[in-house]
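Undergrad: From first to last, the protein sequence lines are chains A and B.
Here the first sequence is numbered in my numbering, starting from 1 and rising by one per residue.
Here the second sequence is numbered in my numbering, starting from 1 and rising by one per residue.
Everything labelled a hint here was simulated from the structure, so no lab data went into it.
Some hints could be false.
[To be verified] Taking lysine-lysine and the DSS-like style, the derived pairs with C-alpha atoms no more than 25 Å apart in a straight line are:
id, chain 1, residue 1, chain 2, residue 2
1, A, 97, B, 39
2, A, 97, A, 389
3, A, 376, B, 39
[As the list claims (entries may be wrong)] Reference excerpt, derived from the structure (chain A facing chain B, CB under 10 Å, subset only):
id, residue
4, 379
5, 382
6, 383
7, 397
8, 400
[Claimed, not checked] Distance windows between CB atoms, simulated:
id, chain 1, residue 1, chain 2, residue 2, range
9, A, 278, B, 25, 43 to 51 Å
10, B, 14, A, 278, 57 to 65 Å
11, A, 521, B, 9, 43 to 51 Å
12, B, 47, A, 112, 20 to 28 Å
13, A, 185, B, 35, 35 to 43 Å
All of these numbers come straight from a predicted model, not from anything done at the bench.
Quick reminder that beta carbons are idealized off the backbone N, C-alpha and C, glycines included.
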Amino acid sequence: MNVDYQRLEFPYARCADQDLAEPARHRVIVVGAGPIGLTMAIDLARHGVPVVVLDDDCRLSAGSRAICFAKRTLEIWDRLDVGQRMVDKGVSWNVGKVFFQDGLVYSFNLLPESGHRRPAFINLQQYYCEGYLYEAAASLPNVEVRWKNRVVAVAQRPDHVELTVETPEGSYRLQGDYVVACDGSRSPLRAMLGLETRGRVFRDRFLIADVRMSAGFPAERWFWFDPPFHRNQSVLLHMQPDNVWRIDFQLGWSVDPEEERKPEKVIPRIRSLLGEDARFELEWVSIYTFACQRMDRFRHARVIFAGDAAHGVSPFGARGANSGVQDVDNLGWKLALVLAGKAPETLLDTYAAEREFAADENILNSTRSTDFITPKSEVSRRFRNAVLKLAMDHPFARRLVNSGRLSVPATLAQSTLNTPDGDAFAGAMVPGAPAADAPVRVDGRDDWFLSQTGGGFAAVVFCDDGAPSPETASTLHSLAQQAIPVEAIVVVPALRDTGAGAQPGVTVVEDAQRMLAQRYDARNGTCYLLRPDQHVCARWRRLVATRVAAAVARATCNP
Amino acid sequence: MAATLNIEPNIAAPDEFYEALIETHRDLAPEQSELVNAKLILLLANHIGDLDILRQAMAHARAGIATTDGGPTGSANAPGVPRGGERKEAS
Numbered sequence: 001m002n003v004d005y006q007r008l009e010f011p012y013a014r015c016a017d018q019d020l021a022e023p024a025r026h027r028v029i030v031v032g033a034g035p036i037g038l039t040m041a042i043d044l045a046r047h048g049v050p051v052v053v054l055d056d057d058c059r060l061s062a063g064s065r066a067i068c069f070a071k072r073t074l075e076i077w078d079r080l081d082v083g084q085r086m087v088d089k090g091v092s093w094n095v096g097k098v099f100f101q102d103g104l105v106y107s108f109n110l111l112p113e114s115g116h117r118r119p120a121f122i123n124l125q126q127y128y129c130e131g132y133l134y135e136a137a138a139s140l141p142n143v144e145v146r147w148k149n150r151v152v153a154v155a156q157r158p159d160h161v162e163l164t165v166e167t168p169e170g171s172y173r174l175q176g177d178y179v180v181a182c183d184g185s186r187s188p189l190r191a192m193l194g195l196e197t198r199g200r201v202f203r204d205r206f207l208i209a210d211v212r213m214s215a216g217f218p219a220e221r222w223f224w225f226d227p228p229f230h231r232n233q234s235v236l237l238h239m240q241p242d243n244v245w246r247i248d249f250q251l252g253w254s255v256d257p258e259e260e261r262k263p264e265k266v267i268p269r270i271r272s273l274l275g276e277d278a279r280f281e282l283e284w285v286s287i288y289t290f291a292c293q294r295m296d297r298f299r300h301a302r303v304i305f306a307g308d309a310a311h312g313v314s315p316f317g318a319r320g321a322n323s324g325v326q327d328v329d330n331l332g333w334k335l336a337l338v339l340a341g342k343a344p345e346t347l348l349d350t351y352a353a354e355r356e357f358a359a360d361e362n363i364l365n366s367t368r369s370t371d372f373i374t375p376k377s378e379v380s381r382r383f384r385n386a387v388l389k390l391a392m393d394h395p396f397a398r399r400l401v402n403s404g405r406l407s408v409p410a411t412l413a414q415s416t417l418n419t420p421d422g423d424a425f426a427g428a429m430v431p432g433a434p435a436a437d438a439p440v441r442v443d444g445r446d447d448w449f450l451s452q453t454g455g456g457f458a459a460v461v462f463c464d465d466g467a468p469s470p471e472t473a474s475t476l477h478s479l480a481q482q483a484i485p486v487e488a489i490v491v492v493p494a495l496r497d498t499g500a501g502a503q504p505g506v507t508v509v510e511d512a513q514r515m516l517a518q519r520y521d522a523r524n525g526t527c528y529l530l531r532p533d534q535h536v537c538a539r540w541r542r543l544v545a546t547r548v549a550a551a552v553a554r555a556t557c558n559p
Numbered sequence: 001m002a003a004t005l006n007i008e009p010n011i012a013a014p015d016e017f018y019e020a021l022i023e024t025h026r027d028l029a030p031e032q033s034e035l036v037n038a039k040l041i042l043l044l045a046n047h048i049g050d051l052d053i054l055r056q057a058m059a060h061a062r063a064g065i066a067t068t069d070g071g072p073t074g075s076a077n078a079p080g081v082p083r084g085g086e087r088k089e090a091s
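Pulled out of the complex, with its shape left as it was, chain A reads as follows:
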């Protein structure tokens, strides 16, 4: 039962495509079986699109790497039925503490309100995350993962992409209607297409030390600026499953990375934090540098870039893997509609536009964090230290402290897929916002609102009368019959009597605590249209079939 995901090896297996005289044609080929590629494959497969995943290696993540998975990422994985496993294994946390020199500056709670299924974050080693995603992907009949399949050439054709793939038994060609490049920050596909990624490279090195120990630290994110045990630099401590702790030391630019990797250098650094008599084992050591950069465009004809291949950020804020998962959440339903002939190819350009916008937001946040954490000039350091000193006593200054603005999903307010508001609304659920969760009851059981949505478009109608009127029911029924069906979700304060809302094709959600209505600024009759990726794309004070149909057309680039 206890699988050692760090050491798992997946055998290379010859596939039928390698014996064909002409290249086999597939719908979508995903390059890279990391967290982003595997999430992409699962999402597409669940939309009914067969996927081939190519990976040049035969193992999961070497080392814990991306350990912080954000609430929105967990919600996306919930939609794909892999979230619970991640949360069960992961360490949930909401609280962060910031220290300066030898004192606590303040602590913050990333999820101060209740009524959400998922915590602000879980910490989970990337190899568990990839292992669970791989097992979920492998259980789907229309996903095929090919290990030890390295793409060595790519050619764009008018109606497909042709890849040349090298295997231990020689090379073969295969074709895909589309290729999704999830092949990481050094993206070989990007290089093969002669494309660039541009931005700011930081001249700083960081040491990751994962140690195994029984420690009394709580499951919180602890961040030190200039601590006595590591003067003039920053240190970050995080709890992982299996009694593993991530310690991240800023080292500066001048150090020798080969030297710093050696246990005789690493162990004294850890002892200075934990104390001379601390007992621990070194689990994994890595030295990293980073850049904040992105490709100018994420879509290049039939090759679409996602995750680190498309954009890079500093690690402060956990915006790398989390934004990559949001990329493929955005892309999956669009690719599925285009491949089904239900939307024009221009819908794929909105993937690029929306996620380029999100990447800019992530890069901006992560660049600002980096400049606060690692000041680039003397005056910058002085202001930083003044902020930290003031923050001990003054709440205003705490809001200036930036130890990483932790990943939250982008609100795609500028997206052309949104139908602008015609009616007045308050609150955060503007068109483009990722839908907020809330506790509800379904079929008499406690459940969560987001679990009722996703995968397809959904019309969420608030009916304070306890059941939809016959007119509302008939409108919802007609919307469910369209070429791009709209699922019906009826929100009632409480069921009038059992079975009152039991109409075929309608999910009735009891908002017993009225938290959903409050978070969506809903009144009787209010209707929200959610996209398959659970983003709001339109809302009205009254359900009108023609308006919903027009909003679905707009959200899918249909005339």
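Fit chain B to the given chain A structure using the hints.
TA: Just chain B now, with coordinates in the frame of chain A:
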């Protein structure tokens, strides 16, 4: 309409203010004074709150000061100092 930085006389007792400012730094080493100044800027900026006003003040403060490498000087007429976090070349 965006608010405008008040650069007309606005301190009722200018000499008292100035004396208090210098007094704040009495007996401090230059290093300590720099910390006090930084804290003072942050406190006043928070009191003002309006980022448009703060940007105008930053531009005024920077105007006419040449960089040591002979680069361009700031200008009080500029709409504001460069925005932080813009994508820059490697530095």
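Undergrad: It remains to establish, for every hint, whether it holds in the given structure.
TA: Going down the list of hints, with the structure as the test:
Among the hinted pairs, residue 97 (chain A) with residue 39 (chain B) is consistent with the structure: their alpha-carbon atoms are about 22 Å apart, no more than 25 Å. Restraint check for residue 97 (chain A) and residue 389 (chain A): the C-alpha separation of about 15 Å stays at or below 25 Å, so the hint holds. With a C-alpha separation of about 19 Å, the suggested pair residue 376 (chain A) and residue 39 (chain B) falls inside the 25 Å cut-off, and the hint holds. Given the 10 Å rule on beta carbons, the hint for residue 379 (chain A) holds: about 8 Å separates it from the nearest Cβ of chain B.
Look at residue 382 (chain A): its Cβ gets to within about 5 Å of chain B, closer than 10 Å, so that hint holds up. Interface restraint check for residue 383 (chain A): the shortest CB-CB distance to chain B comes to about 5 Å, inside 10 Å, so the restraint holds. At its closest, the beta carbon of residue 397 (chain A) sits 6 Å from a beta carbon of chain B; the interface hint therefore holds under the 10 Å criterion. Annotation: residue 400 (chain A) was flagged as interfacial toward chain B, and the flag holds, the nearest CB pair being 7 Å apart, inside 10 Å.
Between residue 278 (chain A) and residue 25 (chain B) the Cβ separation comes to about 44 Å, which falls inside the hinted range of 43 to 51 Å. Take residue 14 (chain B) and residue 278 (chain A): their Cβ atoms lie about 59 Å apart, and the range 57 to 65 Å holds. For residue 521 (chain A) and residue 9 (chain B), the hinted distance range of 43 to 51 Å is satisfied, since their beta carbons lie about 47 Å from each other. At roughly 26 Å, the beta carbons of residue 47 (chain B) and residue 112 (chain A) sit within the given window of 20 to 28 Å.
The hinted window of 35 to 43 Å between residue 185 (chain A) and residue 35 (chain B) holds, with their beta carbons roughly 39 Å apart.
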